[in-house]
Amino acid sequence: MITELLSTTVLIGILASGIRLATPYLYAAIGETFGQKSGVLNLGVEGQMLLGCFAAFYVALTTGNLWLGLLAAMIVGAAMGLAMAFVTVNLRAQQGISGIGFYLFGLGMSDLLFQRLMGTVETVKGFQRIYIPGLSDIPGIGEIFFNQNILVYGAYLLVPLAWFVLNKTTLGLKIRAVGENPDAADSLGVSVARVRYFTIILGGTLSGIAGASLSIALLNVFQQNMTSGLGFIAVALVYFGAWKPVGVLGGALLFSMVNSLQLWIQVLGIPVPSDIAVMMPYVLTILVLVATVSRVRAPSALTKPFERDD
Amino acid sequence: MKKFAWILIFVLAFSLVLGACGELTETNEESGAPEAATEAAPEAATEAPAAPMEPFRVAVVMPSAINDLAFSQSMYDALLRVQEDMGGADAFEIVYSENMFVVDDAAAAIRDYASQGFDLVIAHGSQYGSSLQEIAPDFPDTSFAWGTTVDTFGQPNIFAYEAASQEGGYVNGVVAASLTTSDIMGVVGPIETGDAKLYVDGFKAGVLATNPDITVNVNYIGSFSDVALASEAATTHISAGADVLTGTAQMVVGAIGKAEEANVLWFGTQSNQTSLAPSIVVASQVYHWEVMLHEMIDLINSGTLGGQSFTANLANGGEVVEFNPDYALPADVQALADETIKGITDGTITITLP
Numbered sequence: 003m004i005t006e007l008l009s010t011t012v013l014i015g016i017l018a019s020g021i022r023l024a025t026p027y028l029y030a031a032i033g034e035t036f037g038q039k040s041g042v043l044n045l046g047v048e049g050q051m052l053l054g055c056f057a058a059f060y061v062a063l064t065t066g067n068l069w070l071g072l073l074a075a076m077i078v079g080a081a082m083g084l085a086m087a088f089v090t091v092n093l094r095a096q097q098g099i100s101g102i103g104f105y106l107f108g109l110g111m112s113d114l115l116f117q118r119l120m121g122t123v124e125t126v127k128g129f130q131r132i133y134i135p136g137l138s139d140i141p142g143i144g145e146i147f148f149n150q151n152i153l154v155y156g157a158y159l160l161v162p163l164a165w166f167v168l169n170k171t172t173l174g175l176k177i178r179a180v181g182e183n184p185d186a187a188d189s190l191g192v193s194v195a196r197v198r199y200f201t202i203i204l205g206g207t208l209s210g211i212a213g214a215s216l217s218i219a220l221l222n223v224f225q226q227n228m229t230s231g232l233g234f235i236a237v238a239l240v241y242f243g244a245w246k247p248v249g250v251l252g253g254a255l256l257f258s259m260v261n262s263l264q265l266w267i268q269v270l271g272i273p274v275p276s277d278i279a280v281m282m283p284y285v286l287t288i289l290v291l292v293a294t295v296s297r298v299r300a301p302s303a304l305t306k307p308f309e310r311d312d
Numbered sequence: 244m245k246k247f248a249w250i251l252i253f254v255l256a257f258s259l260v261l262g263a264c265g266e267l268t269e270t271n272e273e274s275g276a277p278e279a280a281t282e283a284a285p286e287a288a289t290e291a292p293a294a295p296m297e298p299f300r301v302a303v304v305m306p307s308a309i310n311d312l313a314f315s316q317s318m319y320d321a322l323l324r325v326q327e328d329m330g331g332a333d334a335f336e337i338v339y340s341e342n343m344f345v346v347d348d349a350a351a352a353i354r355d356y357a358s359q360g361f362d363l364v365i366a367h368g369s370q371y372g373s374s375l376q377e378i379a380p381d382f383p384d385t386s387f388a389w390g391t392t393v394d395t396f397g398q399p400n401i402f403a404y405e406a407a408s409q410e411g412g413y414v415n416g417v418v419a420a421s422l423t424t425s426d427i428m429g430v431v432g433p434i435e436t437g438d439a440k441l442y443v444d445g446f447k448a449g450v451l452a453t454n455p456d457i458t459v460n461v462n463y464i465g466s467f468s469d470v471a472l473a474s475e476a477a478t479t480h481i482s483a484g485a486d487v488l489t490g491t492a493q494m495v496v497g498a499i500g501k502a503e504e505a506n507v508l509w510f511g512t513q514s515n516q517t518s519l520a521p522s523i524v525v526a527s528q529v530y531h532w533e534v535m536l537h538e539m540i541d542l543i544n545s546g547t548l549g550g551q552s553f554t555a556n557l558a559n560g561g562e563v564v565e566f567n568p569d570y571a572l573p574a575d576v577q578a579l580a581d582e583t584i585k586g587i588t589d590g591t592i593t594i595t596l597p
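Respectively, the protein sequence lines represent chains F and U.
Taking our numbering, the leading residue of the first sequence gets 3, the next gets one more, and so forth.
Taking our numbering, the leading residue of the second sequence gets 244, the next gets one more, and so forth.
Fair warning: there could be bad hints in the mix.
To be verified - Residues on chain U that point at chain F, a partial pick, calculated with CB under 8 Å: (1) Ala308; (2) Leu422; (3) Leu451; (4) Ala452; (5) Leu472; (6) Thr479.
No wet-lab data here; the hints were simulated from the structure.
As the structure is a prediction and not an experimental result, all values here were calculated from the model.
C-beta atoms are modelled at their ideal positions from N, C-alpha and C, and glycine is treated no differently.
Bound conformation, chain U alone:
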């Protein structure tokens, strides 16, 4: 009887694994090239001379879900855009592992992908760096990319990428400062580090450059996943008089809901968050990693597997401030926003971070 209990527990735990596998299968369906078919490709090529050329194969490991409306989704959406640019799934194959918040699991996945001969393996999370530093030298013919960082560890097969998120943050801040009437704003952040901190500091700089009398209240809730606390942080900002909110990372969906309820404005970052609350989202800074990815792919195709770092910014199109078409932004504010974007792009506006 006891033995049976153990078996049942294993079955339960297994269902989780099955869940993960289910997602992998889905990926393969999406890319239109099941693994079996890819492996069989060389044979097919000898039989049919007109066979299409081998696809460029990319694997990506992400800390949260591909539909988190934030960090992970920004990379997944970018890969889909690259796929479209390159002519579909036959030319560009995407495989992903999501929700890899356990770094050990992520490291295993990265190693697996590398040994399966992918052309580019992306470790989408700065927490994967030390694992990658160990894995990359074992696969000198595979190219790796990791972000957000500028550190390639001096490895010839690692690309590094990061986002100058303070730039879009600054633009959001300028627009927000022009729309507030209470002169109080609230920011819901995860942990005071990385691109979250850059974005928040950029936002503050933009607000204060436009109107130094505005108060920007910042709240880091200490978690990337605690939706309930993010929501309560938003409520706290609203009680403190804020009429504009912004925030970064995947747990802000809780905050956006509260903003919508209280009808205060929201500025997004990482992915386009308009779909969550079309009436109050003014603009989102969106990462367009495809700009970096295209450069990496060109380099890989010409034989350079790494050793360079890339920064997504407004000037190179790696960052785009996407306005919500359904939000009636006054023409003068839109003009100010465009001017600010232009200023940052041509270098006439420099953002001073604390």
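Looking at chain F on its own, in the form it has when it is part of the complex:
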């Protein structure tokens, strides 16, 4: 039965599923990377995603326009980011606690809006898979990489883009400086507050897109608490990926591939108890984390509110 796992259909299936499953993690975790690089831990990702899920779904359902839905998710995510930035930057609140507050707000608010505006689970016709002439026809590769919807492609394009912005631009330098040594950055005329506002709002916007990728591209439904912990895994992936977009990509793919592998293990009837199978991605992630934890250091100012010494 183990040999069945190595058949072409199964391998293609595992890789294609893994790539899809990693999509929401990528948006949310890349957004979180920006925030943490500038010294702000946002635990509210899950709440931002849930509101993004709902906003995208509801707008797509009522207007019939998926792009408007995506825009709505981005606006809602950005608004949540703005509020988070105000609380953490201006009010200097403890970041972990306020993040959980925002998570609970998103969870409750998306549920309330769903109850009031929809009342029952419905479906929309989400973003369809895009056929790319030539590329989509390549056997195997085409099925895995070039038979996905636009938001899946977007998530993977975001990785090099985020790397470029963080490492090759002045903005990226400012973000890193603010996260490592805000006092020094401040003395050089970098506005710590403005940089952090930018990264937190960007993170919120990307979390909103992560939500939209679930509700109007991958699943095309909305249900209460449909992210079911995905946003928290995204935060963990930032640590896992050592605050590097490529590391985040690796973590998201590893987690998702093992998840789709366990789905196939059960489907093929390989005698592994289902409880053990569903544990696999988590156990493996922890093992990798333990093995690699000593090699990296978090941004020095992470979770520390900035107060100028006058």
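Given the coordinates of chain F, assemble chain U onto it according to the supplied hints.
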């Protein structure tokens, strides 16, 4: 400044609580009897001799939402049907707490309802059992019901209810086996326990009894809420060649979407799932808890507050296989389905579970 931050956080957290309250208010509106009015009822009765008799009051605590198209909705819909049978909100008042996935919160809600003097408090989730075992003896005059289980803890004021979900699963399996062309089917389950396991085992038994050459691939995703993983599990089944899918619990909405996209058939359970994908849902096993509820209410009215357990099945009408009228089921398959239902009802078909 810092103080202000804390206040803001509390306000945020509070909005969640407000959300929950909003739902409660809605319940009261629906039942047409706001709490204030109910409390004022005895006074009104003395003033107006022709006042209607006091309503039968039911409170229910559920783990997911009343519109989850699955477990919780099956109970809520059943309560609405009881309400209709009993003559509307004036005769039968329903109050509910949904999304009580935290057992501690559920226990607090159950205790609250009991102390408010409800006639029947339903703990709709087997995870609430141990809480109920502690609470029930404190309220000997209140009747409690919990499910799905057969255990009343030997308490005189606890009813237990469960569903023989393998029966509807078997019928779904027989129909599915008659419709498949690839001879491969996929099942998306939550956690390998309770009525989910019964349903899945019943489905497999039905399929294999009809055609032993069919492969039924079963996938338990380890969660009742992970819509994304349920959806990917469905995609995995479809890649493995399945042309019929089924599944149980509230996260299957993700799987139904994938089934519709790939145009493979879907069989539902717990609630009627036709509305989600009218083109591919063939049939749903629906729990009609009202059959049990009517029996409980009659017992309560005659002074028996508990101590009995009920099983919803095809024979007593607590389970009904509802076919999608828009799906053109071949006449011979429909006949086979009816025959199977009849066989299970009169005992000529016995379902052997692993």
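Original post:
So which hints don't hold here, by number, going up?
Top reply: 2, 3 and 4
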